[in-house]
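Colleague: Heads up: the sequence lines are chains D and U, in that order.
For the first sequence, the working numbering gives the first residue as 6, with consecutive numbering after it.
For the second sequence, the working numbering gives the first residue as -7, with consecutive numbering after it.
Everything labelled a hint here was simulated from the structure, so no lab data went into it.
Remember, predicted model here, so these are calculated numbers, not experimental data.
Hints may be right or wrong, so weigh each one.
SDA-like cross-link-like pairs, simulated, lysine to any residue; straight-line CA separation at most 20 Å [stated by the list, open to error]:
#1 D:K125 x U:I31
#2 D:K40 x U:V46
#3 D:K40 x U:G34
#4 U:K1 x D:K83
#5 D:K130 x U:T25
#6 D:K40 x U:L51
#7 D:K83 x D:I146
#8 D:K130 x U:I27
#9 U:K1 x D:R30
#10 D:K125 x U:V30
#11 U:K1 x D:A25
#12 U:K1 x D:I41
#13 U:K1 x D:A35
#14 D:K40 x U:S53
#15 D:K67 x U:I27
#16 D:K40 x U:K1
#17 D:K130 x U:P26
#18 D:K130 x U:G34
#19 D:K125 x U:G34
#20 D:K67 x U:A28
#21 U:K1 x D:V26
#22 D:K130 x U:I31
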Amino acid sequence: MLHATTLILCLILFNAALIAVLLTRPAITANRGGKILAFVAIFCLPVFCGLLGVSREMGRAKTTTFCLSCHTMEDYGKSLLVDDLTHIPAAHFQNHLVPADEACYSCHTEYAMFGGLRVKLYGLKHLAIYYLGTPPAPDKIKLYNPFNNRECLHCHLGARSFEEGVVHNADPATLPAIKSNQLSCLSSGCHELAHDLAHLKGAKFWKEGL
Amino acid sequence: MLNTNALEKRLRFAGVCVALGLLVEALCLLWATPIAFVIFVGIGGLLIFIGIVVYLYSLASTFSVPE
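Generate the whole structure from the sequences, applying the supplied hints.
Modeller: Below, the structure is given as structure tokens:
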């Protein structure tokens, strides 16, 4: 990731140098070579740099540190380190069931067409609220829609632990209901313990993760 | 047809806009905070866009047929 940033910065510097040449000697655009140089420096390279930069920023926006950089998210970050693996986020984060550096995004994206784009737009909305509005208290934050099983099944579908799980197969109707999103994975009595902010104060934390 | 001075002026303006936009984008790439993305797109992207539009417009004006 750092190398990508360095490469983009080098390209930007190169582009800036070409523009500086044009600014100091605009007369060179009178001939064909100068025209091509201007086209590359003022059109091609800036567009290319911009696209690379957006791609880099989009990649950065998926990282756990990015999500947790807002104060509102601090408690959610702590909940990843609770020393109790019945907490779904903690179990996933601490056991690397999701990439640790993209923990938030892995579960809170939408694995559907334009889902990534939709959650990025949500992110922009969150930014606007954070900087221009009044951010809600962490425990008042709610999902826009109930958590869709599709996000869990993106990884768990076909996994032996899921398909052959004792509880999942206790009733023959359970597994189809989960797969069709009629029975939420987060239903009471199932995997209901997500970011349990209410009990964070008295919780023990995984020290190695701090 | 535009005279050379006007064309150079527009090219210079476009170059300055693009260079400023690139500078903003470079700074945002080094500044890893959520607001950096908004500045990257909102200010850096806008400056580059204005620079490119002015440049393309100056090209189009160069080839316009005089009345």
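Colleague: Taking each numbered hint in turn, which are not upheld by the structure, reported in ascending numerical order?
Modeller: When the structure is compared with the hints, numbers 3 and 4 turn out to be violated.
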